[in-house]
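A.B. asks: Chain residues, written in single-letter form:
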Amino acid sequence: RKEVEQDPGPFNVPEGATVAFNCTYSNSASQSFFWYRQDCRKEPKLLMSVYSSGNEDGRFTAQLNRASQYISLLIRDSKLSDSATYLCVVNNNNDMRFGAGTRLTVKP
Amino acid sequence: ETGVTQSPTHLIKTRGQQVTLRCSSQSGHNTVSWYQQALGQGPQFIFQYYREEENGRGNFPPRFSGLQFPNYSSELNVNALELDDSALYLCASSLGGRDTQYFGPGTRLTVL
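Those sequence lines, one after another, are chains A and B.
Position in the first sequence (from 1) plus 225 gives the number in our numbering.
Position in the second sequence (from 1) plus 344 gives the number in our numbering.
Hints are computed from structural coordinates only; laboratory data are not their basis.
The structure presented is a predicted model; accordingly, all values stated were derived computationally and were not measured.
Yeah, the Cβ is synthetic: ideal placement off N, Cα and C, and Gly gets one too.
Mixed in with the good hints there might be a few duds.
[Claimed, not checked] For the chain A half of the interface with chain B, some residues (derived, Cβ under 10 Å), not all of them: (1) Phe236; (2) Asp320; (3) Arg322.
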């Protein structure tokens, strides 16, 4: 079993749609959690950190469920510019583990 | 832009050769982490350096080595290159090992 598993994707959605990504992790001692986005042939860029209380940044909402070892990302009112690969990241003692990523394509 | 720079941007080597990749961290950051990203995969953690000391290592063989300098810039060295070492090598800097990491643009290594 992979340490961080994500929805396989790809997700192809129309503009304005709401899309949700899920991620599970195997190490219950993991300490911090993030979502990064990665555009084609570019480096990953931090989208948002994920907190147990849930957090929102504009159209993006992240949730963490430590009991179920589950992280989610919700994107509302999708834009063409949201097309990218979304990486779930789990950190345990300075060891950042990335999921394989979920590819999102938003179409006109 | 994150302020993290890497050199070179692209590199072509042949099997058995050695390569050195370089990373300059963001101003004020004392930690550098290195990752290997194969096509279609997420980044895989190689190791992390904090204040010039190795501070964690992933499942990579000893021919992957590194160091960090007093100015917190870092090098990744790979000996005896194999075809499977072809990948995008990313470095990320942070203030401490558990803090948010900011990535450089990467070095794309091709081993022929």
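A.B. asks: Determine for every hint whether it applies to the structure shown.
C.D. replies: Results for each hint:
1. Restraint check, Phe236 of chain A versus chain B: the minimum CB separation of about 16 Å is more than 10 Å; hint violated.
2. Checking Asp320 of chain A against chain B: minimum C-beta separation of about 5 Å stays under 10 Å; hint holds.
3. Taking 10 Å as the C-beta cut-off, the interface hint given for Arg322 of chain A holds, the closest approach to chain B being about 7 Å.
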